[in-house]
Amino acid sequence: MIEFVGGGPYDGKVMSTDSSDRAEVSQVRRSAQLIGAGLAIAERQESTPGNLLTFRYPSAAVAEQAKTEQWSEAKIKALMPYYEYEVREYVERDGLVLIKARYKGVAR
1 MIEFVGGGPY
11 DGKVMSTDSS
21 DRAEVSQVRR
31 SAQLIGAGLA
41 IAERQESTPG
51 NLLTFRYPSA
61 AVAEQAKTEQ
71 WSEAKIKALM
81 PYYEYEVREY
91 VERDGLVLIK
101 ARYKGVAR
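Quick note: the sequence shown uses the numbering used here, first residue 1, plus one each step.
Simulated from the structure, these hints should not be mistaken for lab results.
Accuracy of the hints is not assured; some may be wrong.
[Claimed, not checked] Within a straight-line C-alpha distance of at most 27 Å, the following computed DSS-like cross-link-like pairs (lysine-lysine) qualify: (1) Lys75 x Lys100; (2) Lys77 x Lys67; (3) Lys104 x Lys77; (4) Lys67 x Lys13; (5) Lys13 x Lys100; (6) Lys104 x Lys13.
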C-alpha cells in the first residue's frame with residue numbers, strides 16, 4: 001500500500017494492490033519493485049537509503065486547461081506545475097508493506 005501524507009492534493013489517498021483499478025494496481029507494484037531495488041542497493045553499500053522514489057503528479061486544473069487550449073509540448077513543459085511526493089519511509093508488518101509518500105511541494 002502507498003499512503004500519501006503531508007499535504008497536497010493527494011493527502012490521505014491510499015493506493016493498494018487490492019484496488020479494482022488495474023492502473024493503480026500496476027503503479028503500486030512497479031513502485032514497490034523500484035523501492036525494493038533502492039533498499040537492496042543501500043543495503044549492499046551499507047548506507048542509509050535516502051529518497052527511494054519521487055511521485056510527480058501534474059495539476060489537474062492546468063492539465064485540463066492545456067488540453068482545452070491545445071498547448072504545445074514546450075508550453076506544457078514550461079508551465080505545468082507538478083505536485084511532488086517523496087518516498088523515504090516504509091513499514092513492514094504482518095507480511096504487508098506500507099509505503100509513505102510525503103508531500104514535498106510544487107515543482108515545474
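Evaluation of the provided hints:
1. Simply put, Lys75 and Lys100 have alpha-carbon atoms about 32 Å apart, too far for the 27 Å limit, and the pair is violated.
2. Between Lys77 and Lys67, the direct Cα distance comes to roughly 13 Å. Compliance with the 27 Å bound is thereby established for this hinted pair.
3. With a C-alpha separation of about 20 Å, the suggested pairing of Lys104 with Lys77 holds against the 27 Å cut-off.
4. For the hint linking Lys67 to Lys13, the alpha-carbon distance of about 25 Å falls within 27 Å, and the restraint holds.
5. For the hint linking Lys13 to Lys100, the alpha-carbon distance of about 11 Å falls within 27 Å, and the restraint holds.
6. Straight-line distance between C-alpha atoms of Lys104 and Lys13 comes to about 15 Å, which keeps the hinted pair within the 27 Å bound.
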